[in-house]
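Protein chains in written order, with this note's numbering: chain A, 3 to 584; chain B, 379 to 640; chain C, 1112 to 1338.
Hint data in this document are derived by calculation from the structure and do not stem from the laboratory.
Don't be surprised by glycine CBs; every beta carbon is placed ideally from N, CA and C.
Wrong hints could be hidden among the right ones.
Have a look at the derived ranges for each label pair, beta carbon to beta carbon [stated by the list, open to error]:
1. A1305/C with K148/A: 47 to 57 Å
2. K505/A with A1315/C: 22 to 32 Å
3. E397/A with V404/B: 52 to 62 Å
4. D1203/C with N159/A: 55 to 65 Å
5. T1171/C with L414/A: 27 to 37 Å
6. T1171/C with R567/B: 19 to 29 Å
7. M1122/C with V225/A: 50 to 60 Å
8. Y1276/C with E168/A: 26 to 36 Å
9. L477/B with E1242/C: 39 to 49 Å
10. M433/B with L414/A: 53 to 63 Å
Now the stretches of chain C that chain B is said to cover, found in silico as 3 or more residues with beta-carbon under 8 Å [to be verified]:
11. 1170-1180
12. 1245-1253
13. 1272-1279
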Amino acid sequence: MTIQTDVETAVLPAERAARAATRFGEKVRVDDEGAWVVEAASLPEVARALRDDFALDYLINLTCVDWPDRFETVYHMASIQGGPPLCLKVAADKAKPIVPSLTGVFAGADFQEREVYDMFGVRFAGHPNLRRILMWEGFAGYPLRKDWREAYYEDDNKPLKSRWPEGDFFFGEDKIADWDDNIKYPSGYQAEGVESSRADDNIVVLDADELHRAPSGSERLIVNMGPQHPSTHGVFQMRLTLDGETVVDLQPVMGYMHRNHEKIGERNLWLGNMPFTDRLDYLAQLGNEWGYALTVEKLMGLEVPERAEYIRVILAELNRIQSHFWSITFLLNDIGAFFTPMMYAIEERELILDLFEMATGSRLMCNYMRFGGLAYDLPEEFLTMAQTLVDDRLERAIDEMDAYLSGNEIVLERMQGVGVLPPDMAINFSTSGPVLRASGVPYDVRRAEPYGVYDRFDWDVVTRPEGDVFARYMVRVGEMRQSLRILKQALRDLPGGEIMGGKKAWQIRVPAGQAYGRVENPRGELGFYCVSDGKANPYRYHVKSPCFVNLTALAEMTKGHKVADTVAILGSIDIVLGEVDR
Amino acid sequence: MSDNNGPLYRTPTLDPDVLEQWSSYVERFENDSDFIAQQVEQGVMVTTLDRLVGMLDGVYNWGRRSSIWPLGFGLACCAIEMIATFAGRYDLDRFGAALVRASPRQADLMIVSGTVTKKMLPQIVRLWNQMPEPRYCIAMGACATGGGPFKEGYNVVSGIDKYIPVDVYVPGCPPTPQALIHGVMTLQRKIDGQSIRDLSWYRRGEVEEIPVPVLGADLIDLRRLPEIRGQLTPVAAEGDGAGEAGPAAEPAVEAVADDTEA
Amino acid sequence: MAFGREALRGMGITIRRFYSTYRHGLNLQPSAAGDLPAPAEARNTKVPAGMPTRVGGLATVQYPEQKLPVPERFRYIPFLVYDEEPDHERADFDGVRCTACGICAKVCPPQCIWIVQGKGEDGKARPVSSEFYIDASICMSCGFCAEYCPFDAIKMDHDYEFSSYERHESWVFDLQELLHPVAYHAALHPSDYAREAAEERAKAEARAAKEAAKAAKAAAAAGGEAG
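Here chain A stands alone, though its shape is the one from the complex (with noise of 0.2 Å):
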C-alpha cells in the first residue's frame, strides 16, 4: 500500500531551495550547508508550507545546539515517500530563548520539544505541557547547557588531566563533589521543609469538583503503571486516568534511566562515544554503532571498503532477528503467553549472541565498529556458523513461533483491533520502525535513504494495513523473514579485502560541520545528529531515539481501551528504556 499525496513526490533539494527562496523570501537564508535557516517568528508557517506543498511531511528530529553567541534548534524533515531530510535552524536568544512550536504542525514535536526545554531551557510558545521531561521537575539547571556544570564535573574534554599526565588516584568524587554523591545544589537553595514534603510527587491530587465532572459520573481514578511493573519492559512509568476500566487519559513518565549520554558523549573523544552507543538501545547494540559510525564518516568523508560494509549488514541483520524475537515474545509474554515462547526465542537469541562474542568479543556491548570500518575483521568459523544458522535454523525457528502463537484466538482477541494507529496519524506522530509499518506506511530507512550497501540487496518492506497491535506484531515477525532474505544474499556475495579504510587511529580530526546519520534499526530510525568544531570531540552529540518520539502516540493509541490493553500496545511499540530516556 502506498500512500497517496496531492503533492509532487520527489523535490530535489536544489529545486527546493529556488522554490524556497520564492515562496518564503526573507523568512528563509540557505546556508552554506544546504541546511534552512529560518526566523523564528515564520517558523510554523514555514514548516506548514513544507509539510503541505513541499511534501515534507514527516518530521525526523528536533533538538538543539547552544552555541556561544545563541541557541539553535534543529529540526529535520523528510519526505515520507523517501529522500534525504531538510535541515531547519531557527536561531534563539541566549538569555530568553524562545521559539515557536511545531506541536500544531506535527504532533511527533511534543516530547521532542519537552526534552529540549528540559535540556536546554530553550521555551517552546504555544507548547500544551511544557514540562520536564527527562529530568524531574525542581531540578536546577539546564544540563546540556555548555556552561552547566555537574557535581563530578572535571574538565570539559576527556582525557582528563587527573588521569594522565598527572595520575592522581582520586576519584572525581572524592576531590570534587562536597558529599561524594554525585550531587550539587545552586547556590541559595533552601532544603528546609524538605521532610514534609516527602510525599511522593507521583501522587496526583485532584479536585473534588473535577472528580464529578467525568462522563459516565463514575469516579475517574489515577493509577501509576511503573516505573516498577512486570509489563512496561523497564523503568517506565504510564500515568493513567481511568473511567471505571477505561483509558481516558494517559500520561507517560520516563527518565529513570536517564544516563546522560549527551552530556557524557560531548566530553569523550568521538572514538570513545563507539562503546557508549552500544549502551542506549542494548537490544540493538549493533545497529547503534552503525548509526554513529555512518554520521561520523559522513562528517569525514570515508569511505568504508566494501567488505566491512557487507560485514555490517550481516551483523545488523542478525541484530534485528534477534531483537524482534526479544520484542515479540515479550509482547507475548504481557498478554499472557507466559514465558513459554519466551524461553524458545531466547534460545535462537543466545545462538546469534555466540557469533557476536565470537566476531566482537562480547555478548551484548559490541563495540565492533569503526570510523570507516571495523575493529578487526571477522574470525574464520564465524562464516560456517552463521551460514548454518541462517540457513537452517532460524528459519525453522522463526515458523515455529509463527505456527505457535501467529494464530491463536486468544492472542487474536487481545491483539487484534486494539491499539489503532491510522496512517495519517503515524505519520504526523513522526512514529517509524515496525509501529510506521504496521500502519500501512511503506517508509524504511533502508529503502528511503539507502545507507551501507542496502541497495544491493532484494527484500521487501513489510507492512499490515490495520495499525493494531497484531499488525505490529505481524510486521516484526515479516521482518525477521526478509532479514533471513538479506543475510542469505550478503553471506554469498561477501567479498574478501580490506576492513578498515585508512589508518586506524583513536585520535581522530573530524572537519567541522554537522551531519546527521540515520539508520533503520529494530525500533525504527535511529538518528545521530553530530556537530563538530574540528576538536578532538563533539560540540553536539544528539541521539534521536526512535522508542522516546514513537512513545508520543502512545497516548492516542491507548485512550478507549482497557488497563489490560495498555501493556500490549505499549508491548507492540516495543520501548527500550536505555533509548527512551538516554
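Position chains B and C relative to chain A; hints supplied.
Structure of chains B and C alone, referenced to chain A:
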C-alpha cells in the same frame, strides 16, 4: 550419553581424594565398633548447644540458600543479561534463584541490574524497604556497583551501596550470565556462613527503614540533611555561577505570547 | 475452522518441545562460540561441529561444573603483560611491557585508568609506570586500551569470576594485581600472540640485518683505511 562428549558436555566427576576419604570412612564403620560408639557419642548423644545450633544452621541455611527468590526488577542493559540467566541456557533455577517475584513482599533478593539514576533511586529504596528480612542485594555490573561508565553523569548515582547495603558485587559491563551465576554462588556462600544466633532479623526491635531520598534541586539524602543544610549556607555566599538559574526563577510559560497557530 | 484449533496447535508445539527435551536432550550438542566437540555422526555435512540444527533447543550449561568456553576476543577487565625473558630493550624494567605512554589512559572512554610515570633516582622520567590502577567498577570492558596499545602491553582478561563482598579493596586493581606473565596472555589469545611473535621476529631480523649491514660497512671502512 552419546560418545561425542566434548569439553562442554563432560559429566561432572567426583574428586578422587573425596572418594577415598568416603570409602575409608565406610570401611571403619563396618569394622571398627569403637569408632561407631565414638561417632554416636559425638554426633547424637552428647552434644553441646553450639553443635546443636550448628546443625540447625546447616539445615536453615541450606533451605534459604536454595530458594533465593529474586525481585523481578530490571533497570538497564544488565537486566537483559539477567533475563538471559533466568532463561533455559543458564537456568538460574538450578540454584533455586529464578522464581522471579513481582512483589517485593515475597522476594529475598534484589538484583540491582543496571545504572541507578537519581530519578529512580527513591523507588529503589522504597522497594528495598518493602522487602522483608532476610533480604539480600546483589549489585550487578559496574554501574550498580560504582556508577560504571556513567559515573560522571549528572543523573547517575555512583553505586547503589550508598543507599542500600550490598551483599555481593558482580563485575562486568555487563556481567555475562555465568558471572551472574558466580555472584549468586558467592551470595550462597555468604548465607552459609550466617548463624541463626546472630541474625539481625530475629532480634528485638523494629528493622530500621532506609529513609527514601527526596528529589529537590538535586537528590537529597535525608540521613544527611543536617550536613546538607550546614553546607548550603556558606555556598550561597560563594556563588560559583553554574546552575544558578533554577526553573522557578524564570517567567512562566504561559506568559509567552501564543503565536503558533496565528 | 473451529475456534480453538490454533490454540491447540500451539499447545501441540509445546508438547512436542517438551517431549523432545527428553528424547533428544542428551544427544544435543550445546552450542558455543569457541572450541566445540565434533559430532560423531553429523546428520548434515554442512553443519560445523557442535552446531545444533534442530529447532529442538539448546542444552543448559551446568555452570560451575561446566563452563562455556569463551572466544579469544572475549573482553572483561584489562591486565598488563610482562615478559619473563625480556628482550634487551625492556630488561631494565623486569620485562614489564608498559612504557607509561598513557595512550590507554587517554583513550579509555570512562577514564578508569590512572598511571603514574616511573622516575629514576635522578628524578628523570623513565619509560615505565610506577603505579597503574584500573577501577573495575568504572571499566566498561570496551577493549580500547588493548586495541590501541602500541606496545601490546595491555590485554583483555577472560576472567569473569571475581564477584566479591566489597568493592573498594578488591575492585581497584593496582600494578601488582594487574601484571600477568606473557604465558598467560599467550594461553588466552593464541592468535594475537602469534601475530606479536611474528612481528617480534620481523623486528629482530630487521635489526640483525641492520647490524650486519653496519658491521659490513665498518669492515669495509676498516678495509678502506687499511687499504
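These are the hints, each one checked on the structure:
1. A1305/C with K148/A: 47 to 57 Å: Given a distance of about 48 Å, which is inside 47 to 57 Å, the answer is holds.
2. K505/A with A1315/C: 22 to 32 Å: With a Cβ separation near 25 Å, K505/A and A1315/C satisfy 22 to 32 Å, so the hint holds.
3. E397/A with V404/B: 52 to 62 Å: Check passed, 56 Å falls within 52 to 62 Å.
4. D1203/C with N159/A: 55 to 65 Å: Between D1203/C and N159/A, where Cβ atoms are some 35 Å apart, the hint is violated.
5. T1171/C with L414/A: 27 to 37 Å: holds (33 Å)
6. T1171/C with R567/B: 19 to 29 Å: holds (22 Å)
7. M1122/C with V225/A: 50 to 60 Å: Violated - the Cβ-Cβ distance for M1122/C and V225/A, about 34 Å, lies outside 50 to 60 Å.
8. Y1276/C with E168/A: 26 to 36 Å: holds (32 Å)
9. L477/B with E1242/C: 39 to 49 Å: holds (46 Å)
10. M433/B with L414/A: 53 to 63 Å: holds (57 Å)
11. 1170-1180: Three-residue rule met by the segment 1170-1180 of chain C, so holds; n is 11.
12. 1245-1253: holds (count 7)
13. 1272-1279: It holds: at least three residues are needed, and the segment 1272-1279 of chain C offers 7 whose Cβ sits within less than 8 Å of chain B.
Hints 4 and 7, counting from the list given before, are not met by this structure.
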